[in-house]
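Chains as they are written, first to last, in my numbering: chain A, 1 to 69; chain B, 1 to 249; chain C, 1 to 222.
These are computed hints drawn from the structure, not numbers from a lab. Accuracy of the hints is not assured; some may be wrong.
[Stated by the list, open to error] In silico EDC-like pairs for lysine to aspartate or glutamate, Cα to Cα no more than 16 Å straight-line:
hint	chain 1	residue 1	chain 2	residue 2
1	A	K49	B	E235
2	A	K42	B	E239
3	A	K49	B	D154
[Stated by the list, open to error] If you anchor each label on the Cβ, the simulated ranges turn out as follows:
hint	chain 1	residue 1	chain 2	residue 2	range
4	A	D58	C	S25	48 to 58 Å
5	C	M1	A	D58	34 to 44 Å
6	B	W126	C	I32	28 to 38 Å
7	C	E222	A	R53	30 to 40 Å
8	C	V24	B	S150	27 to 37 Å
Backbone N, C-alpha and C fix where the C-beta goes; we use that ideal spot for every residue, glycine too.
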Amino acid sequence: MHWNSFSEFLAMGNHGVYVWGSVAVTALLMTLEPILLIQGRKSLITRLKRQFRAERADRSEQNTRRSTD
Amino acid sequence: MNNRLVSWFKYASPQSFYPIAGKMIPWFWALAALFGVAGLYVGFLVAPTDAQQGEGYRIIFLHVPASWMSMFIYLVMAFWAAMGLIFNTRLSGMMASALAPTGALFAFLSLWTGALWGKPMWGAWWVWDARLTSELILLFLYIGFIALQSAIDDPRRADKAGAILALVGVVNIPIIYFSVKWWNTLHQGSSVSLTKSPSMAALMLWGMLLCALAFWMYSIAVALMRARSIMLERERHTEWVRTMLTSKE
Amino acid sequence: MLSLIRAVISRDLRLAMRRQADIVSAMFFFIIVVSLFPLGIGPEPELLRKLAPGVLWVAALLATMLSLPRLFADDHRDGTLEQLALTPQPLGLIVLGKVIAHWLVSGLPLALLAPVLGIQFDLSSDALWVLTISLLIGTPALSGIGAIGAALTLGVRGGGVLLSLLVLPLYIPVLIFGAGAVDATVTGLGPQAHLSLLGALTLGGVFFAPWATAAALRIALE
Numbered sequence: 001m002h003w004n005s006f007s008e009f010l011a012m013g014n015h016g017v018y019v020w021g022s023v024a025v026t027a028l029l030m031t032l033e034p035i036l037l038i039q040g041r042k043s044l045i046t047r048l049k050r051q052f053r054a055e056r057a058d059r060s061e062q063n064t065r066r067s068t069d
Numbered sequence: 001m002n003n004r005l006v007s008w009f010k011y012a013s014p015q016s017f018y019p020i021a022g023k024m025i026p027w028f029w030a031l032a033a034l035f036g037v038a039g040l041y042v043g044f045l046v047a048p049t050d051a052q053q054g055e056g057y058r059i060i061f062l063h064v065p066a067s068w069m070s071m072f073i074y075l076v077m078a079f080w081a082a083m084g085l086i087f088n089t090r091l092s093g094m095m096a097s098a099l100a101p102t103g104a105l106f107a108f109l110s111l112w113t114g115a116l117w118g119k120p121m122w123g124a125w126w127v128w129d130a131r132l133t134s135e136l137i138l139l140f141l142y143i144g145f146i147a148l149q150s151a152i153d154d155p156r157r158a159d160k161a162g163a164i165l166a167l168v169g170v171v172n173i174p175i176i177y178f179s180v181k182w183w184n185t186l187h188q189g190s191s192v193s194l195t196k197s198p199s200m201a202a203l204m205l206w207g208m209l210l211c212a213l214a215f216w217m218y219s220i221a222v223a224l225m226r227a228r229s230i231m232l233e234r235e236r237h238t239e240w241v242r243t244m245l246t247s248k249e
Numbered sequence: 001m002l003s004l005i006r007a008v009i010s011r012d013l014r015l016a017m018r019r020q021a022d023i024v025s026a027m028f029f030f031i032i033v034v035s036l037f038p039l040g041i042g043p044e045p046e047l048l049r050k051l052a053p054g055v056l057w058v059a060a061l062l063a064t065m066l067s068l069p070r071l072f073a074d075d076h077r078d079g080t081l082e083q084l085a086l087t088p089q090p091l092g093l094i095v096l097g098k099v100i101a102h103w104l105v106s107g108l109p110l111a112l113l114a115p116v117l118g119i120q121f122d123l124s125s126d127a128l129w130v131l132t133i134s135l136l137i138g139t140p141a142l143s144g145i146g147a148i149g150a151a152l153t154l155g156v157r158g159g160g161v162l163l164s165l166l167v168l169p170l171y172i173p174v175l176i177f178g179a180g181a182v183d184a185t186v187t188g189l190g191p192q193a194h195l196s197l198l199g200a201l202t203l204g205g206v207f208f209a210p211w212a213t214a215a216a217l218r219i220a221l222e
């Protein structure tokens, strides 16, 4: 291990702000991207399922109407 | 010969690729985590202090892999765009569209980490160094691609138009890089350059390599995830999507 | 082949002459934008002289951008473009003709107007000369590359701004060598290197871009 103490690790030889600023934004974006993708996928699937259900209801309604004509 | 062609094109249908992609995604995440932990361990915990730049140089373990990925992803994007144009396969176009946002993300990260690296080293948040400037232009190219595709309603037209743009971009990237390098050397007598990276100790190289691999695995995982969502959206009128989603109830 | 190009050029020029207001307003846009910079930066001659090549070139880029949608939009609207695409003649050659005609009514006037504006920036006569030549060599590339963007965004929402977003990054090498040539003259290095590279870009742009443009047009017309 290169570091003697945790506080040294955090300080990064006075450049802590820059190093950790980079790490933070990198970690943030690389976590947000997949999270947004998962959420997007979930809402897409919900929307599609709702559409399919609605179409099936329409279709069966048409069928019953036709059979009672 | 015919049989082999047919078997490859089987995977070119969204219907067959969708489940395959689904199975691959967790593996790529695992690889990304593995390489990531290894790379960060080497880069942040083990690699020595740099003689000229102190500890701040460690940003390169994020900056350089991000730059590499931003350029590599553009090439892969252009490749899939070309495949889509040549073979008229829908899936190729979807792959290209799936890659673009991730490529733009890495281009942005490259610029962000580059700025944070430049500030302590050269005293300015932004230096018009050839590499950073080219990276900025690459970000513009990504944004142009994404903007063009979102402005066109018809997905097939969006695919093909984006493909032409990506191919024109890929041809222009070396030209742009060369002209920016030219511009930079003529205007700056001084050697303010982020390309003057510290002479690499072996551990530093390893750290960069491992992080680059981690970013690469991440990109594949994320691109496959996005591609699956694109497939669902675009193929929503097909039988296979309908059956798959309704049977999940 | 040449007669086809000549026919396309003369048709486009004739149509452009009926809409002279478009051409003239692009030129006035150029003049106004160039005049904005001293107003924003200050009248100090030393500073203006240094900024002049970049300012004049950027303004030329922007003025060209304004005129690009016109390249295909009118023909697209009245169905002529579809007819042109259906002819047995290579669409790339037809595009080349349109690009040349576009340059004649946008790039060429800008190049001829620039030295007059350059005087406002106190450029030396050498620099003015090189400025004109650089614009004469470089603006055809702008028309050629811009045509790709115009074809890609044909009939698309947000057309003009989207077009700029797509095309301006591709213009950057032309800008660097064009403005650089004038800069090199001012600093005494000589513009030959810049001008030859600029020439290479223009040749590439004018001869290869029409084919990409033709492909983009076919996609837009599907």
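Is the Cα-Cα distance between A/K49 and B/D154 16 Å or less? Measuring from Cα to Cα gives roughly 23 Å; hence the hint is violated.
Look at the Cβ atoms of C/E222 and A/R53 and judge whether their distance stays inside 30 to 40 Å. This hint holds: roughly 34 Å between Cβ atoms.
Is the straight-line distance between the alpha-carbon of A/K42 and that of B/E239 16 Å or less? Not OK: A/K42 and B/E239 at ~20 Å, beyond 16 Å, violated.
Lying within 34 to 44 Å: is that true of the beta-carbon distance C/M1 to A/D58? 58 Å, violated
If you check the beta carbons of C/V24 and B/S150, does the distance land in 27 to 37 Å? 35 Å, holds
Could you see if the CB distance from B/W126 to C/I32 stays within 28 to 38 Å? 29 Å, holds
Would you check the hint for A/K49 and B/E235, treating anything up to 16 Å between C-alpha atoms as holding? 14 Å, holds
A/D58 and C/S25, beta-carbon distance inside 48 to 58 Å? Distance hint for A/D58, C/S25 holds at roughly 54 Å.
Figure legend: structure checked against the earlier numbered hints; hints not met, in rising order: 2, 3, 5.
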